[in-house]
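Please build the complete structure, drawing on both the sequences and the hints.
Residue numbers (the numbering used here), protein chains in the order written: chain L, 1 to 275; chain R, 1001 to 1066.
In short, the hints are calculated from the structure, not lab data.
In this text the structure is predicted, and so the values were computed from the model without any measurement.
Everything hinted at is true.
Cβ-Cβ distance ranges computed for the label pairs, FRET-style:
#1 Thr1023/R <-> Leu168/L: 48 to 58 Å
#2 Thr1052/R <-> His234/L: 49 to 59 Å
#3 Thr1052/R <-> Pro160/L: 39 to 49 Å
#4 Gly1007/R <-> Ala127/L: 24 to 34 Å
#5 Asp107/L <-> Pro1042/R: 28 to 38 Å
#6 Thr198/L <-> Glu1015/R: 51 to 61 Å
#7 Arg1030/R <-> Ile38/L: 21 to 31 Å
With the Cβ distance kept under 10 Å, some of the chain L side facing chain R (calculated, not the full set):
#8 Leu30
#9 Ala48
#10 Ser56
#11 Gly59
#12 Leu72
#13 Ala82
#14 Arg92
#15 Lys101
All C-beta atoms, glycine included, are put in the ideal place defined by N, C-alpha and C.
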Amino acid sequence: MAELEHDPLRIAGREFTSRLITGTGGATNLATLERALIASGTELTTVAVRRVDAASGTGVFDLLQRLGISVLPNTAGCHTTAEAVLTAQLAREAFETNWVKLEVVADERTLMPDAIELVDAAAALVADGFVVLAYTNDDPVLAARLADLGVAAVMPLGAPIGTGLGILNPHNIEMIVDHCSTAYDEPLPVILDAGVGTASDAARAMELGCDAVLLATAVTRADNPERMASAMRHAVIAGRLAAGAGRIPKRFWAKASSPGLDRRQDVENVDARTR
Amino acid sequence: MTITVNGEPLGIEGEVSVADVVTRLGLPDRGIAVAVDGAVVPRGLWGGHTVTSGAVVEIVTAVQGG
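Right, dumping it as structure tokens:
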């Protein structure tokens, strides 16, 4: 664990100890959400921007402020550049942050990013001084385009939002990681966003080289959100450690890790190898 | 005069500012943002920004999501 304390996640000059970014969507109530957020250890959490309702007020914002968790507003629900830019500008004013999770989806069925609007919106927001964390398809070419535009992080989906299908194209994620970690003066963070269903998915993302994981419904809609949040916290740490530990190469056939029972046989084997 | 706030008509007597609208609705002054006719009005300008008849006012905050 000690080495992790010196292994912060760096985004746009800010450092985070936790590599787990959470969402708030799907929680049945704020008390459940609060327990899950604490159990997750997260330091950065997304919120959506919507018309204020006099009854519920500013409850989610107040909760995050009280827990000392940074707010990452998203542009969920936006389908066009114009909508995304206005939403980001409102969020900047409301929450006093120029960070935004840019989300421009094509339709409600897939909730997949509309690549054309996404690139357009990313360019507009970067030009307007935003720190843009761009939710994107698991497309290495599109991710590279976004990176070239100056976003602060690219956030490829593992699977469509809310499906819990895990990482459907791990090789694409690896290609995105490779590009973002080598093509620029500073490595650009890659954050696996969407599709995580359980802890092994989060660990896998980190093993593939992602810098962080963003998830919401895997925790908030679990039977026990607090327990799953804790699982995710540990999974991200485990995956990060494993990624840096140098895994063994995969082999087709078994390879014993214990010496054989027959000592004479072993001696013969050694003799055979050294001959 | 009548303005529209978050899709609902709101009758107003006399000249009002964005700050007046926020106060009238009983909203806190932190954690929210206001747009009038599609443009964000920075918090520091609420007091001096007059809302004219027919204006479309959107007031947003954080909700669970993402």
